[in-house]
Structures are given as C-alpha cells and as structure tokens.
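Number of protein chains: 2
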Amino acid sequence: MGPAPEWRFDPLTGRRGLISPDRGDRPIHPTGDCPFCEGREAETPPEVLAIRDPGGAPNGPGWRVRVVPNRYAAVRLDLGEPGASATGASAAPRLREPGVGVAEVFLECPHHETAFRNLSRPQAADVIRAWRDRLRSWRDDGRLAFAQVFKNEGPAAGASVDHCHSQLIGLPFVPPAVADEVRAAGHGCVFCGWIAAELGGPLRVAESDEFAVLCPPAPRFPGETWVLPKVHAPAFESLADTEADELATVVQGLLARVHRAFHGPDFNLIVKSAPFGHAGPYHWRIEVLPRTTSTAGWEWGTGLLINTVFPERAAELLRAAA
Amino acid sequence: MGPAPEWRFDPLTGRRGLISPDRGDRPIHPTGDCPFCEGREAETPPEVLAIRDPGGAPNGPGWRVRVVPNRYAAVRLDLGEPGASATGASAAPRLREPGVGVAEVFLECPHHETAFRNLSRPQAADVIRAWRDRLRSWRDDGRLAFAQVFKNEGPAAGASVDHCHSQLIGLPFVPPAVADEVRAAGHGCVFCGWIAAELGGPLRVAESDEFAVLCPPAPRFPGETWVLPKVHAPAFESLADTEADELATVVQGLLARVHRAFHGPDFNLIVKSAPFGHAGPYHWRIEVLPRTTSTAGWEWGTGLLINTVFPERAAELLRAAA
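Residue numbers (our numbering), protein chains in the order written: chain A, 16 to 337; chain B, 16 to 337.
The set of hints was computed from the structure by calculation and includes no laboratory data.
Cβ atoms here follow ideal geometry from the backbone N, Cα and C, with glycine treated the same way.
Among the hints, erroneous ones may be present.
Claimed, not checked - On the chain B side, residues computed to face chain A include the following (Cβ under 8 Å):
id	residue
1	Asp25
2	Ser35
3	Arg38
4	Ala89
5	Asn167
6	Ala172
7	Ile184
8	Val193
9	Val205
10	Trp209
11	Ala233
12	Thr310
13	Trp313
14	Trp315
15	Gly316
16	Ile321
Turn these sequences into a full structure, and let the hints steer you where they fit.
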C-alpha cells in the first residue's frame, strides 16, 4: 500500500478533494482472466456479504452475488478518528484530514457478463437487495454519515473492469453536493408532487405499480433518466424484498431503452438516498447518466453542463424504445 | 439551425443546465481537410478579430491568429433579453430561460499544429493577446456579466477538432461555481499571501519575473497546475503586451513539463478571471487540468473528486521535467 489517502482543503476556492495514491495502482481494463468471475475468489479480499445457495462455503464458488472490500480503496476505516485534525485546539484552518471511509465492490454475477440489462431478472433483484443490505449495515454501524451505491458500466463511464459490478463508498460526513440538495428539498417533499404531475406530462418514460421513470427537469447528459418510488420514501434501505423484484424489472427495462435510444452508451447509475439519520424530506431515486457527452474546460471552469437533448425529446425517444 | 438553446432549472435539486441541440450537430474529430487551416476561411463564420500581416484582406489567408463566432454555438445573442422570463410579474418559479450568450473560437495558428506547447513563442503570445482582447471587447460591450476563455487539447479533454484552438463563452450572469469562488475569496486577497508563501514551499513548480507556477492545495486531477501573476490583478484583461510575451513562455514551459511528467495527457486550460465589473479581491489565474483520471458515478453523485497524486508529489515531478 502507498501513502494513506487524505482530504485536502483549498482555502482559496473553498473546495475539498480526496487524494488517494492507491487508486492509481489499480489495473485498468485487464485483458487476462477476470478477477471477478466465479472460481477467482482468492483474488479479492474476503467477502462481507454473499448471496449463495445453501451449503456453499464463504469465499468459495457457488455464489450469485458477492460483496468484497475494494482492493484499491479510495478511503479506509483504519486511519483514526474522522475529522480529528479539524477539532483540535488550534484555530488554524484545516488543510488536510485522513481519508476515512469504506469502499466496497459488488460482484453482480458469477459468470462473465458485462451489461446489467442482460442479467437474469432474479440475478438483478439479488444485486439490488445486496445494495440495500450493505446500506442498512453501514447505517446501523454508526460510524458513517453517508454512503453512496453506484455503478459504472463501460470505459467512458469510468469502469476499469468490464465484469458487471457496482460499488459503495461511505464517508463520515455528508458531501457538500448532497447537503446542497437536501437544503434545496426544503421542508416538504418537492419530489412527491413533481412525480404525480409528471407521470401525466412530457417527461414520463414509463411506470410500474410502485415506481415512476422520468427524465429530470434539467438533465446533465442526453437521456439522463430517474427511477423514483411513487410513495414517499427517504432511504433506499427501506426497500422491501418484493419491491426489489419490481425495481429490477423497472431498472433493466430502462437500461434496455437507454441502450436502444442512445446507441448503447456507457453509463453511470447512482443510488441517491438520504444521509444516514437524516430526518428531512428526502425522496430516494436511482439516476441513470448516459455518458454520451464529455466535460471540457467550460464545465470544469464554471460548473455548468451543456447537454444537447431536451428532456422532453429524450423521454419521447425512450418511450419509443420499449 | 435546430431549436434555440435554453437554460432549464431543476427545482428539485437547485441545479441549472444548458440544453443546446445545435452542439449535437458538430462534427467530432473530422478526418478530412481541416476547417481551421489557412485557406479554409470560408468554412468558418466571418472573423471578429484577426492578427495578420499588413495588407491582408479580412477573411482571407495571411493571418497568424483568427477569432470567429462558433458555428455550433452553445449560446446565442439573438434570443432576446437575458433573464426576461425570470423578471415577469408571475410568482411561479422559473423553469426555463433563453440560452443567451456568446461563443467564439480562436484559431491559434494558420498551419496544422495540434499542440499549444509546439507553437512558436511569438505565435503563442499572439494567442494570449487575442484572449485578452476578446475579453476586453465583451467587458466593454456591457451585455455580459462573465466570460471564460478555455482550451481543450485532445479528445479526452473534450476537443472535437485537433487543430490548435481555444474558445470563449460569455453569459449575462455569473455561473454559480464562479460566484461561490468569489465569495470564498472574502474581503482581502487570499491568493496574494498564498503565492508568496508557496513560492518557497513544496507546491512550487517554476516562476518568472511576473508569474508563479504552483500546484493548488486540493488538485482535482493528477498534475493540476496554476499560473498566477505575482502582483495582485483581478482581471486577465489588464495583461500588458509585454506580460503576454512572458506569459507565453511560462505557459508553454508548463505544458512541456506536464507533457513529459504525465505521459502526454490531454488537458484543459482555463483562464479564470473576475466577472466583468467585479469590485472584490479576485486574483486571475490560468488552470491546467491534465485529464488523466475519469469521472464516474461517485463524482457525479457527490461532487467529490478522487485524485491519485498528492500536489507536493506532482510539483516534484513537474520540477524534474524541465
């Protein structure tokens, strides 16, 4: 292992950034045998969760979904008290802090499949239940303030391994962008009314009994789409087993539409859920971001994204791609 | 031309995004004849500025640097009053607004060169003076609140044409990320003291009489580096002709170091300058962002970037790459 990860603070711009040298060591797009396939369990750290048929031994074959600590973790839980350097007696502004947190990887299938939309429906539902269970586990652990589950599919979306997988990163603080969103949500749930209205409007893509599939009001990428529960629910951890089955159908259906309507783009999938212990009106959602446009000097300088497809047009294309 | 560009506002998250369908029409990496080479002036809109030897006719050959409106402009100045939809009598929250602004392209050399570091020194200085002159022109015009000059070199940095070029985009409002930074700068210039201190510290890369080259305290990408005037100056427009000569030497020297130290990365170069008419303590700078890492679900969900190289280490590598 290299030097421990650190948060660095920029007093000039007010930004913070994580520097994690170990991330630089991870192999990109390995072309040899896949370390995430069944039978290669020794190449990953010992599992923290596995869904397997009865009788199988831990860390051996026979699993359907397997969750392991990230071997190239961006943050680590063994670096002491989070925020300790910021709470000392010194009045100096904090400039660095240990990179405390957890990073886990979900191996989504034992065989070598590269597209989540192609997993069997029960397999996809197992993955979604594993996301929920790891979030529950870290919520109950008490050391983290926030965790995010996300999935990068394809190199343009930042994936370094092509075997179907997703990740969880948890932190002892709430990221500023998440805190901003919680603030914008105000005191009543703005999402509940928006979902009900838009299911009859031009941003509607699809729906099921429990879930709405909508393009957002100001999409960042062409074809950006959100899946949201119709009934108010702040935390993804509250998902019931039967809801996971229905959500698998909805998410796989959406990814198939995105694939057809936007020429098979690489994409990020993000589970947006309330910070642990958050008491406000958050409404969880899954975001799908097709990475069909790139970020350049304009975006990095101003924080403003340029999209090329209106959300009403994207919804029309996605509806037609059933 | 397609539908006019629009700002869309997301009341759920508090974000705004630009939707500009014409951007989707631009050719990516054309492999045929280069539209930015001398002799192809008819393929770009009429020039708004050109540096050429005496006697040459506008929009013909004989130029050294040429500035033209962007044929695939993300924003346009012919869409009516900026913000008109936000200032009506209605109390409803604004959800859309015309995409008002300007977009220009700097053709940085008449011959087909793809790397700014390889331009002749006088050529690079002419480019820098053209950046300054267009910023001056839009400042004096009075219709814009902010403009940014930036350069994308290489496809991973978002460039769609490989001939050396840069861009200016101007808006009738100050982007939120820029406003945040102006707020963080407070009431005295935090940059002046930082520059003086760091020129004797581990973030120092190089310096000239007028300029400091430093790695920032919380870099977003491995090898991110800033060029700043040592003497306080809020606006890039104030650059003197002789300073442009010196700045060309410094920037080309930095880009050569980045090329050697970080394996020839694609990069964004951003001219960060105070909003037009800003009276506070802004300190202009040029940011160079090597695009050696990608953004994935974690970054898009949380706004937190993961870098793999500490700034002190990046500065060490850049110093050694003279």
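Cross-check of the supplied hints:
Residue-level restraint check for aspartate 25 of chain B holds (minimum Cβ-Cβ distance to chain A is 4 Å; threshold 8 Å). A least Cβ separation of about 6 Å between serine 35 of chain B and chain A falls short of the 8 Å threshold, and the interface hint therefore holds. Interface restraint check for arginine 38 of chain B: the shortest CB-CB distance to chain A comes to about 5 Å, inside 8 Å, so the restraint holds. A distance limit of 8 Å between C-beta atoms decides the matter here; for alanine 89 of chain B the minimum to chain A is near 5 Å, and the interface restraint holds.
Proximity of asparagine 167 of chain B to chain A holds as hinted, the smallest CB-CB distance being about 4 Å (cut-off 8 Å). Hint status for alanine 172 of chain B relative to chain A: holds, with the closest Cβ pair at about 6 Å, below 8 Å. The interface hint given for isoleucine 184 of chain B is met, as the beta carbon of that residue sits about 6 Å from the closest beta carbon of chain A, less than 8 Å. The interface hint given for valine 193 of chain B is met, as the beta carbon of that residue sits about 6 Å from the closest beta carbon of chain A, less than 8 Å.
A distance limit of 8 Å between C-beta atoms decides the matter here; for valine 205 of chain B the minimum to chain A is near 5 Å, and the interface restraint holds. The beta carbon of tryptophan 209 of chain B is positioned within 8 Å of a beta carbon in chain A (closest approach about 6 Å), and the interface hint is therefore held. Taking 8 Å as the C-beta contact cut-off toward chain A, the hint placing alanine 233 of chain B at the interface holds, the least distance being around 4 Å. Because the beta carbon of threonine 310 of chain B sits about 6 Å from the nearest beta carbon in chain A, less than 8 Å, this interface hint is met.
For tryptophan 313 of chain B, the interface hint holds, since its Cβ comes within 8 Å of a Cβ in chain A; the closest pair sits about 6 Å apart. For tryptophan 315 of chain B, the interface hint holds, since its Cβ comes within 8 Å of a Cβ in chain A; the closest pair sits about 6 Å apart. For glycine 316 of chain B, the suggested interface contact is upheld, since its CB lies about 4 Å from the closest CB of chain A, less than 8 Å. Checking isoleucine 321 of chain B against chain A: minimum C-beta separation of about 5 Å stays under 8 Å; hint holds.
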